[in-house]
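Trainee: Chain by chain, the residues run as shown.
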Amino acid sequence: MNTLTKSEAPISSTQQPRPVLEVVEVTIRYGEKPAINKVSLSIPQHRITAIIGPSGCGKSTLLRAFNRMNDFIPNVKMEGQILYMGSDIYVREVDPVEVRRRIGMVFQKPNPFPKSIFQNVAWGPSINGFTRNLEARVEQSLRRAALWEEVNDRLHESALALSGGQQQRLCIARALAMEPDVILMDEPCSALDPVSTARIEDLMFELKERYTIVIVTHNMQQAARVSNLTAFLENGSLVEFGETDQVFTRPRNKRTEEYVTGRFG
Amino acid sequence: MPQASTAKSLQAGASTRKYRTREELIRFVLFLCAFLSVLTTLSIIAILAWEAYSFFREVGVFDFLAGTRWTPLLEPRSFGVLPLVAGTLQIVVGASLIAIPVGLASAIYLAEFASSQVRRVLKPVLEILAGIPTVVYGYFALTFVTPLIAGIFPSTQIFNAASASIVVGIMVLPMTASLCDDALRAVPESLRQGAFALGATQFEVTLRVVLPAALSGVMASFVLAASRAIGETMAVTLAAGATPRMTLDPLQSIQTMTAYIVQVSLGDTPVGTVEYQTIFAVAALLFTITLGMNIIAQRVLARFREVYE
Numbered sequence: 005m006n007t008l009t010k011s012e013a014p015i016s017s018t019q020q021p022r023p024v025l026e027v028v029e030v031t032i033r034y035g036e037k038p039a040i041n042k043v044s045l046s047i048p049q050h051r052i053t054a055i056i057g058p059s060g061c062g063k064s065t066l067l068r069a070f071n072r073m074n075d076f077i078p079n080v081k082m083e084g085q086i087l088y089m090g091s092d093i094y095v096r097e098v099d100p101v102e103v104r105r106r107i108g109m110v111f112q113k114p115n116p117f118p119k120s121i122f123q124n125v126a127w128g129p130s131i132n133g134f135t136r137n138l139e140a141r142v143e144q145s146l147r148r149a150a151l152w153e154e155v156n157d158r159l160h161e162s163a164l165a166l167s168g169g170q171q172q173r174l175c176i177a178r179a180l181a182m183e184p185d186v187i188l189m190d191e192p193c194s195a196l197d198p199v200s201t202a203r204i205e206d207l208m209f210e211l212k213e214r215y216t217i218v219i220v221t222h223n224m225q226q227a228a229r230v231s232n233l234t235a236f237l238e239n240g241s242l243v244e245f246g247e248t249d250q251v252f253t254r255p256r257n258k259r260t261e262e263y264v265t266g267r268f269g
Numbered sequence: 005m006p007q008a009s010t011a012k013s014l015q016a017g018a019s020t021r022k023y024r025t026r027e028e029l030i031r032f033v034l035f036l037c038a039f040l041s042v043l044t045t046l047s048i049i050a051i052l053a054w055e056a057y058s059f060f061r062e063v064g065v066f067d068f069l070a071g072t073r074w075t076p077l078l079e080p081r082s083f084g085v086l087p088l089v090a091g092t093l094q095i096v097v098g099a100s101l102i103a104i105p106v107g108l109a110s111a112i113y114l115a116e117f118a119s120s121q122v123r124r125v126l127k128p129v130l131e132i133l134a135g136i137p138t139v140v141y142g143y144f145a146l147t148f149v150t151p152l153i154a155g156i157f158p159s160t161q162i163f164n165a166a167s168a169s170i171v172v173g174i175m176v177l178p179m180t181a182s183l184c185d186d187a188l189r190a191v192p193e194s195l196r197q198g199a200f201a202l203g204a205t206q207f208e209v210t211l212r213v214v215l216p217a218a219l220s221g222v223m224a225s226f227v228l229a230a231s232r233a234i235g236e237t238m239a240v241t242l243a244a245g246a247t248p249r250m251t252l253d254p255l256q257s258i259q260t261m262t263a264y265i266v267q268v269s270l271g272d273t274p275v276g277t278v279e280y281q282t283i284f285a286v287a288a289l290l291f292t293i294t295l296g297m298n299i300i301a302q303r304v305l306a307r308f309r310e311v312y313e
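These protein sequence lines are chains A and B, in that order. Under our numbering, the residues of the first sequence are numbered 5 to 269, in order. Under our numbering, the residues of the second sequence are numbered 5 to 313, in order.
Just so you know, the hints here were simulated from the structure itself, not pulled from any lab data. One should not assume that every hint holds.
As the list claims (entries may be wrong) - Far from chain A, some chain B residues (derived; all Cβ distances over 10 Å):
#1 R24
#2 S120
#3 P128
#4 S194
As the list claims (entries may be wrong) - FRET-style restraints, in silico, Cβ to Cβ:
#5 R147/A <-> V122/B: 42 to 48 Å
#6 Q206/B <-> N156/A: 30 to 36 Å
#7 V125/B <-> S130/A: 34 to 40 Å
#8 F268/A <-> R124/B: 52 to 58 Å
#9 N156/A <-> P216/B: 21 to 27 Å
#10 Y34/A <-> Y143/B: 49 to 55 Å
#11 V140/B <-> Y34/A: 44 to 50 Å
#12 P216/B <-> K42/A: 39 to 45 Å
#13 R24/B <-> Y34/A: 29 to 35 Å
#14 D99/A <-> A190/B: 29 to 35 Å
Ideal Cβ placement from N, Cα and C applies to all residues, glycine included.
The task is simple: from the sequences and hints, build the whole structure.
Mentor: Structure (structure tokens):
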């Protein structure tokens, strides 16, 4: 698991902090209609980047392009480039399975497998041939997902018996067990109550020490609370992208200002 | 509108009473139809039970269930049903060996691998296969499968269990595939997405997430397929023969429970004799077995439904 392709990946320019993902002039169409229109932005390492915008603006589509999850949707066409550590993940030689091992994902609705808590976390490592110290890896992942204390006495019970918030943290632990570089979160708190949401937000702060996080959210307060950078999308176009403080307090664009102050969306 | 007038308009008038009567009548007619099918089933069970009871006044239950010789129509008469059960079992096992692996594999292909265009063609074809009259399978066995087997194993008898097993397997295959397909497709898409996002291949997702999640439904489809193979009549009557015998050799002629019932029903066995009543005893046993299996299948399925709710 050294590089995505057989050849060594070229190292891109050394900006600070280093971009992990770079989106270059990306257009994504479902059939004819573009869902994402010529978007360019770069996601820095060990930061939380939030993608916000009204429903249907294409924010989930953009997120799913980062780990090639749009491959499963028929009739999706993409133009432009998405670079991970400088190499294009959409070229023919790249195996999308390898991309997804490095760029993990947490979904809108918790989707634990109907298996035990342990098996859920161990699933990713074990299909990828990692069987040594599996217990240690499961424990570490559950600790990092701030779930260990709550479940360590019932690891072999069904994951479906957990509460919604616990299930979502289990899904985060499941993604962490793959030791990814990047974690994509697609509205991870939209199905959760405020207490569980707060726990996941706290968790994100801890996780950014080790991982690069991209979160899609329709909740502007959440974006303002957790993220370092914010991208505002509208109708598939990137309206504004910058430091979260700046986007929320001194937006450069009129539409951004209207959106973040709650005048539409 | 003033209050008094509103109250008046809410009261039941002549037209209201008329449609109420009509609604009641429709309800009653629908109830009768539903009741009729229940009544029919209950009467069949009652007749089976009654005739079987008459039979068991002549022949001991133990002799019937545990006896290994079935010669009710020949002297010396013997009423041990095990050779018929063994014949049926042989067909069920043989048919399952074909229907279960092939049916499951087809279902996995249809549900997880096939594109929607392929699926749109294949699924209806599978359902057409399920609609072929079973008598056609019977002479397909006799005129095509048996010669094929005899070409490989010269000791094959004209009527044999192998040939019947194969066609019964093919016969229940569409049902197995279709039920397995339903079970696999009932697994929420979100589980597949979750597995793919962990860097799993299509095959790993299918084998290690979808199939285990659908296992109860898949198992239930196997039980139902076996249950259908047990009750299958025409193909085994035509192809498996009429020789009740305890054997494991699939190349020999055997007789199943269903085929025996056909033989006696078509023959000139006098109504009311013990020989004639044997078919009710056999039918009662057959009914008990298939009912038991259907109940098992439903139990298994009920567990499966709990998983996602």
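Trainee: Would you mind marking each hint as holding or not holding in the structure?
Mentor: Hints, verified against the model:
Listed as outside the interface, R24/B is consistent with that label: its C-beta sits roughly 46 Å from the nearest C-beta of chain A, beyond the 10 Å cut-off. Consistency note on S120/B: stated as away from chain A, yet its beta-carbon is not over 10 Å from all of that chain's, at 7 Å minimum. The non-interface label for P128/B is consistent with chain A: the shortest C-beta to C-beta separation is roughly 21 Å, beyond 10 Å. Residue placement check: S194/B does not keep its beta carbon more than 10 Å from all beta carbons of chain A (closest about 4 Å).
At about 46 Å, the beta-carbon gap between R147/A and V122/B stays in the expected band of 42 to 48 Å. Restraint check, Q206/B to N156/A: a C-beta distance of roughly 34 Å satisfies the suggested window 30 to 36 Å. As the Cβ distance of V125/B to S130/A is approximately 37 Å, the hint placing it in 34 to 40 Å holds. Distance hint check for F268/A and R124/B: the Cβ-Cβ separation is about 42 Å, which falls outside the suggested range of 52 to 58 Å.
The hinted range of 21 to 27 Å is satisfied by N156/A and P216/B, whose Cβ atoms lie roughly 24 Å apart. With their beta carbons about 52 Å apart, Y34/A and Y143/B fall inside the hinted range of 49 to 55 Å. One distance hint, 44 to 50 Å for the beta-carbon pair V140/B and Y34/A, holds here, with the actual separation near 47 Å. For the pair P216/B and K42/A, the beta carbons lie near 43 Å from each other, so the given range of 39 to 45 Å is met.
For R24/B and Y34/A, the Cβ-Cβ distance of about 52 Å falls outside the hinted range of 29 to 35 Å, so the restraint is violated. Against the hinted window of 29 to 35 Å, the Cβ-Cβ separation of D99/A and A190/B comes to about 30 Å, which satisfies the hint.
Checked against the numbered hints given earlier, the structure breaks hints 2, 4, 8, 13 and satisfies all the rest.
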